[in-house]
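Line by line, the protein sequences give chains P and A.
Going by the working numbering, the first sequence opens with residue 1, and the numbers climb by one from there.
Going by the working numbering, the second sequence opens with residue 1, and the numbers climb by one from there.
Take these hints with a grain of salt, some might be off.
[Claimed, not checked] Stretch by stretch, here's where chain A covers chain P in the computed footprint (C-beta under 8 Å, at least three residues): (1) 50 to 57; (2) 67 to 75; (3) 126 to 134.
Please keep in mind that the hints were generated in silico from the structure rather than gathered at the bench.
Just so you know, these numbers come straight off a predicted model, no measurement behind them.
In this text, a Cβ means the ideal position worked out from N, Cα and C, and glycines have one as well.
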Amino acid sequence: MSRSLPSNILVAVSSVLLAHACYSAHEHSLLPATAPSLDGTPTASSSLPLDITLETLISVCLLLVGIVSSGWELKPISLRKYAGLLESGSIIPGGVDAETAAGKGRGLFDGLEERPGFLDIRHQRKEFADWLKHVNATS
Amino acid sequence: MNAEERDLQIHPIVPENVLANSKTIVDLHSLSSSLLGIAAGVLGLESYSGFLFYLLGTLFVSFLIVTFPMGGKPNLYVRGGWKDVVAADVTGGVMGYVLTWTLFFGLVRV
């Protein structure tokens with residue numbers, strides 16, 4: 001996950017806004033629940049003022065946008081597309097170093113490309129026979 | 001062999017990528033539901049309006065997920081399309097939401 005600069009700034013600014021809205025709401029809740037209005041009758045002021053409500057909503061929306069747009073990587077699930085991206089080198093699978101995977105054409109079947117060749121069983125049998133002869137001669 | 005199996009044989013999928021994608025989506029949903037809980041606590045929502053707020057917020061987050069990381073093509077990354085993005089880990093999201101909702105309601109208003 002590589003974060004881009006604009007979304008970082010967005011997350012920072014909207015976090016500050018959200019903290020400010022939270023503090024404002026707290027301060028507002030400390031006011032007396034009934035405040036005398038101009039004509040002397042007590043009016044309920046328990047509901048949040050419009051500016052704090054708007055600030056909260058806007059800051060949360062911006063924060064969500066900033067978080068979601070900050071470079072989350074999803075991989076295509078269809079094998080066709082995924083294998084194509086692997087071969088072209090735009091996705092490097094986990095567990096493989098970026099340096100060793102620098103070359104292109106490292107697809108899903110990379111292990112098959114690097115398997116050892118066929119064993120020359122006749123040559124090995126001849127070697128074994130020679131060794132056996134040698135051991136028998138020395139003993 | 002029914003139609004779905006045949007479709008899987010013709011268009012095979014990568015199970016590791018399905019798991020990784022759904023984990024990323026669940027992470028995003030739980031993170032954002034905590035933030036929505038903060039907002040609901042600050043706004044002082046109670047009972048049904050709080051859950052309605054969560055519903056709207058989750059839909060908004062799903063819309064953002066489909067828009068930004070998926071580039072508007074959810075079928076490329078999730079098997080069920082956008083419905084799976086919306087319905088990813090609803091119970092866990094609600095729990096995180098209620099946790100921060102009650103916490104911030106208490107912090108701000110008590």
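Q. Tell me, which hint numbers fail for this structure?
A. Failing hint: just 3.
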